[in-house]
Amino acid sequence: MIKLLCKYVFAICITTTAFTQECQFSFKGKITDFHDNTSIIGASLQIENSNKFATTDFDGLFEFKNLCEGKYTIVIKHISCETKRVTVSVNKNTFQEITLEHHVEDLKEVIVTSTHNVTAKTNQTTKIDSKTIDEFSGKSLGDALKNVAGVSSINTGNTIVKPVINGLHSSRIIVMTDGVRLQDQEWGIEHAPNIDINNADKITVVKGANSLEFGGDAIGGVIVLEPSKYVLKDSIFGKTILGIQSNGRGGNLHSSITKTTKKGWFLNAKTTLKRFGDFNSPDYNLTNTGLASKAFSIHTGLKKFENGFTVDYSFINNNIGILKASHIGNIDDLVSAINNKEPLIVESFSYDINAPKQEINHHIFKIDYYKRFQDLGKLDIQYDFQKNQRYEYDIRVGDDKDKASIDLDLTTHSISSTFDFNNNLEKTYKIGVKGVYQNNFANPLTGVRRLIPDYDKFDAGIFAIGNYILNDKTTANVGLRYDFNYINAKKFYLKSRWTERGYDEEYGNLITGDYTTQWLVNPKFSFHNISASAGIVYQINDKNAILFNYGLSNRSPNASELFSDGLHHSAARIELGDLALQQEISNRISSTYNFTSNNTFISVETFFNNIHNFIYLEPTGTEQTIRGAFPVWEYKATNANLFGFDFTWRQKINNALLFSNKSSLTFGNDVKNNKSLIDIPAPSFKNSLEYKNVNWHQLSVRLDSELVLKQTNYPNNNFTTYLPTKDSYEVVDISSTPAGYHLLHLHTDAVFHLSKKTDLQISASVTNLLNTKYRDYLNRLRYYADDLGRNYNLQIKINY
Amino acid sequence: MKSIKHILILASIILATACSNDDDPEVVNEEELITTVTVTLTSQEDGTEIVLNSVDLDGDGPNEPVVTGGVLAANTIYTGSTKVLNETEDPAEDITEEVLEEGVDHQFFYSFANSLAIATYTDADENGDPIGITFTLSTSSAGSENLTVSLIHEPNKSGEGVIDGNITNADGETDAEVTFPLTIE
Chain A
0 MIKLLCKYVF AICITTTAFT QECQFSFKGK ITDFHDNTSI IGASLQIENS NKFATTDFDG
60 LFEFKNLCEG KYTIVIKHIS CETKRVTVSV NKNTFQEITL EHHVEDLKEV IVTSTHNVTA
120 KTNQTTKIDS KTIDEFSGKS LGDALKNVAG VSSINTGNTI VKPVINGLHS SRIIVMTDGV
180 RLQDQEWGIE HAPNIDINNA DKITVVKGAN SLEFGGDAIG GVIVLEPSKY VLKDSIFGKT
240 ILGIQSNGRG GNLHSSITKT TKKGWFLNAK TTLKRFGDFN SPDYNLTNTG LASKAFSIHT
300 GLKKFENGFT VDYSFINNNI GILKASHIGN IDDLVSAINN KEPLIVESFS YDINAPKQEI
360 NHHIFKIDYY KRFQDLGKLD IQYDFQKNQR YEYDIRVGDD KDKASIDLDL TTHSISSTFD
420 FNNNLEKTYK IGVKGVYQNN FANPLTGVRR LIPDYDKFDA GIFAIGNYIL NDKTTANVGL
480 RYDFNYINAK KFYLKSRWTE RGYDEEYGNL ITGDYTTQWL VNPKFSFHNI SASAGIVYQI
540 NDKNAILFNY GLSNRSPNAS ELFSDGLHHS AARIELGDLA LQQEISNRIS STYNFTSNNT
600 FISVETFFNN IHNFIYLEPT GTEQTIRGAF PVWEYKATNA NLFGFDFTWR QKINNALLFS
660 NKSSLTFGND VKNNKSLIDI PAPSFKNSLE YKNVNWHQLS VRLDSELVLK QTNYPNNNFT
720 TYLPTKDSYE VVDISSTPAG YHLLHLHTDA VFHLSKKTDL QISASVTNLL NTKYRDYLNR
780 LRYYADDLGR NYNLQIKINY
Chain B
0 MKSIKHILIL ASIILATACS NDDDPEVVNE EELITTVTVT LTSQEDGTEI VLNSVDLDGD
60 GPNEPVVTGG VLAANTIYTG STKVLNETED PAEDITEEVL EEGVDHQFFY SFANSLAIAT
120 YTDADENGDP IGITFTLSTS SAGSENLTVS LIHEPNKSGE GVIDGNITNA DGETDAEVTF
180 PLTIE
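Taken in order, these protein sequences are the chains called A and B.
701 is the number that numbering that gives the first Met the number 0 gives to position 702 of the first sequence; each next residue is one higher, with no gaps.
170 is the number that numbering that gives the first Met the number 0 gives to position 171 of the second sequence; each next residue is one higher, with no gaps.
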């Protein structure tokens with residue numbers, strides 16, 4: 000690409016033509032780098048709307064001769080620079096110095112290169128491009144991320160999909176969308192990220208906690224979603240995607256329109272609608288698994304090189320049905336559900352979304368401003384506001400039938416600022432501060448005791464990152480971050496529970512109110528967290544590179560881990576938090592070997608993550624209530640080791656055939672209790688063979704094979720319970736993992752040029768081609784029903 | 000730089016107003032909570048009244064229900080009725096009324112572990128299927144027995160044996176489930 004550009008610049012250079020006229024003025028000038036004032040050699044200049052060209056020499060100098068008196072707009076281009084337009088008035092021989100911005104990020108081949116996010120190339124990162132994102136337009140973020148080796152998902156059915164990076168999920172993963180850290184009650188397994196995947200143009204997965212800019216608590220990793228970048232020209236363009244699917248008998252519609260101007264103004268609006276009815280497994284209908292989703296976003300602002308700002312607003316509303324058969328009353332129901340090979344409730348297909356269901360609204364408002372300082376770097380200031388409303392509806396009776404059981408309102412304000420010292424390419428530094436205020440309000444009108452209490456939370460963070468190009472072959476990165484977390488909760492405890500937990504002595508002073516059967520308690524906890532990262536990448540030669548990195552990170556326990564107390568209806572279990580929990584401390588080391596040649600790409604990633612105070616949820620017995628017995632799950636802390644390998648191999652067999660393999664192995668051990676960790680993804684192997692014909696409408700036909708083995712390393716949490724209706728004791732098998740499975744998917748697409756500016760892409764695909772029956776270990780509904788059967792998808796995409 | 004100043008001012012105002020919330024949250028007492036299941040049995044022979052009771056005032060809390068069993072006479076028919084209450088409210092909420100109102104969606108089941116007695120429904124919902132708030136209980140020979148009373152929400156009343164009181168095919172979900180120890184003399 001760069002070679003091509005060079006030729007282009009050279010070609011412009013030799014086509015410079017003499018322009019004979021009577022005008023005698025000359026315009027001379029010098030082009031220098033904005034960052035370090037060095038001369039820029041070989042920049043091409045053109046007087047707009049004329050055939051007058053010039054090129055800078057070794058001193059960055061250029062000259063236009065024979066100009067008439069008047070105003071001229073000069074277009075300046077250089078490899079790796081943003082094209083710049085300068086207007087000059089010529090009424091005598093003139094000299095002017097012009098600064099040009101070298102794309103520092105691009106020169107360093109840094110992985111994430113938006114204005115906000117600079118993630119060092121010393122990290123284990125993988126990108127997902129816009130073509131893949133469009134392929135998943137009708138699905139979820141979690142589904143798309145499974146294209147990355149080492150990323151799997153933990154599901155509740157097929158519409159609530161949470162990403163898992165190297166065996167870790169929920170609060171251990173940061174999701175950044177357009178520079179905003181998503182705050183959407185990510186603590187729960189059945190709380191999927193509230194993001195419309197169509198808002199992203201590029202997604203980057205960073206494994207491990209080495210991206211300190213985003214936070215010090217991403218023990219699992221960071222997912223960065225970035226919107227598309229805009230080019231400085233007067234233009235209006237758009238994209239529409241329409242998809243339909245046989246399974247769920249529904250579809251999705253996404254439309255985006257963008258207006259940009261030469262001066263740097265831009266306006267972009269997007270909207271997405273999704274609607275599905277009940278999905279089905281190979282053998283039966285999955286009653287009440289429909290989905291209705293609406294999303295809207297608007298981005299506007301001014302992007303100039305020296306400064307600019309953006310104002311963004313996005314909104315998503317999700318209405319998600321949860322498999323009716325998964326709603327259970329007590330242990331008897333759980334036992335009969337597990338023992339039954341088919342769901343206990345199967346009704347005919349319907350678009351209705353009834354209880355149990357979730358409804359979520361998520362709003363993000365962001366305003367951000369940046370300014371570049373010559374010879375110094377770039378300042379960025381951002382404020383963002385998020386509001387997450389979550390309603391969970393349970394099957395209830397009488398007057399409460401239509402009332403939510405969980406009604407939480409999470410509001411977050413963040414203000415942050417960074418400064419990027421990037422004038423010296425060899426040594427760049429970034430420093431930043433961040434302040435967050437968060438309020439959670441649990442609506443008492445549900446008539447159900449709050450599982451998560453009302454709280455106020457304050458976070459403050461400060462970080463510094465340095466990037467060093469040591470020599471042609473070696474780049475290093477170090478970072479340090481400090482975070483302060485403070486949480487002030489107001490929580491009701493049943494007096495019996497408070498005593499049973501043994502809180503009387505240690506936390507008796509926290510009690511602020513007496514409500515007959517309940518105490519009102521006001522815990523205030525502070526945490527100080529230090530995180531650090533270091534990485535180095537060594538390019539052995541053209542083809543081989545190795546990378547090592549180390550990350551230290553701390554994660555404070557979340558509200559759910561500290562304060563949960565009570566029956567979680569949707570899970571039919573009593574969940575108990577622990578006020579004594581301390582922060583998790585993770586030490587992670589990893590290495591990557593990359594081989595890149597014209598036809599082959601191989602990446603071997605390994606990691607070892609030791610987590611001190613690893614917080615997990617584990618069944619500890621049963622409690623008898625008037626509704627029968629319920630399993631009790633307690634949050635506990637242990638020391639854990641996670642390690643694994645992620646392997647990616649892409650092989651061009653010939654000009655038409657491409658083979659690829661992605662494999663992951665992840666292991667997790669509870670070191671204290673000498674047993675396996677729960678919910679560690681099973682070994683998975685994905686192979687695909689793609690046929691491409693670039694000469695015929697860019698035709699692509701791809702066959703994907705997905706093999707997931709049975710997870711044989713799992714903790715035995717089975718327990719015995721008395722079933723009064725049968726007058727017998729039975730083992731409740733909640734631990735055994737489902738059998739391995741193999742799925743085939745077929746995907747094909749082609750592009751048709753309708754006009755000069757309009758492209759039509761048609762894709763057709765079949766997932767689970769053989770209609771294979773399977774259950775996945777990391778699907779919470781695996782006790783109740785099989786996973787999805789065959790699904791025909793048809794999608795049309797128009798770029799205009 | 001002016002816009003930076005504006006952003007900072009705006010943010011500090013928002014932070015300042017947002018933090019000044021010091022009210023205590025409102026307490027929630029579970030509304031649909033069933034704390035108490037009471038079965039009243041009246042002997043059709045001599046009018047003796049036996050009251051079986053299970054009370055769990057902390058609901059989903061750690062305290063186990065307090066169960067009071069009873070002594071029945073052998074080879075006797077009893078007229079029975081069952082009440083479910085929420086005694087955390089004052090006065091206690093009688094949830095039996097809701098069960099009756101939504102009779103089609105509810106059914107009580109009476110299971111005897113040692114088959115020393117049987118229960119027969121004496122009430123009906125709109126569709127003519129039993130609800131089980133009232134019933135008769137007939138004891139046979141003497142011995143010790145466990146009576147399990149279950150209240151099922153949205154049972155499949157057309158399941159095999161369900162209208163005769165067999166819980167096996169009832170599906171639905173359990174709103175209450177209590178086992179009373181009985182001595183039949």
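Treat the hints as calculated values from the structure; they're not laboratory data.
Just so you know, not all the hints are guaranteed correct.
Stated by the list, open to error - Listed below are several chain A residues computed to face chain B (Cβ distance under 10 Å; list not exhaustive):
1) I327
2) G328
3) D398
4) R448
5) D453
6) L493
7) K494
8) S495
9) R496
10) T498
11) R500
12) A570
13) A571
All residues carry an ideal CB built from backbone N, CA and C; glycine is no exception.
To see whether the hints hold, each was checked on the structure:
1. I327: Hint holds; A:I327 Cβ to chain B Cβ min 6 Å, cut 10 Å.
2. G328: holds, 3 Å
3. D398: Holds - the Cβ of A:D398 comes within 10 Å of chain B, reaching about 8 Å at its closest.
4. R448: holds, 5 Å
5. D453: Check passed: Cβ of A:D453 comes within 5 Å of chain B, closer than 10 Å.
6. L493: holds, 4 Å
7. K494: holds, 8 Å
8. S495: Nearest chain B Cβ about 4 Å off; hint holds.
9. R496: holds, 5 Å
10. T498: holds, 8 Å
11. R500: holds, 8 Å
12. A570: violated, 13 Å
13. A571: holds, 9 Å
Violation of the numbered hints given earlier is confined to hint 12; every other hint is satisfied by the structure.
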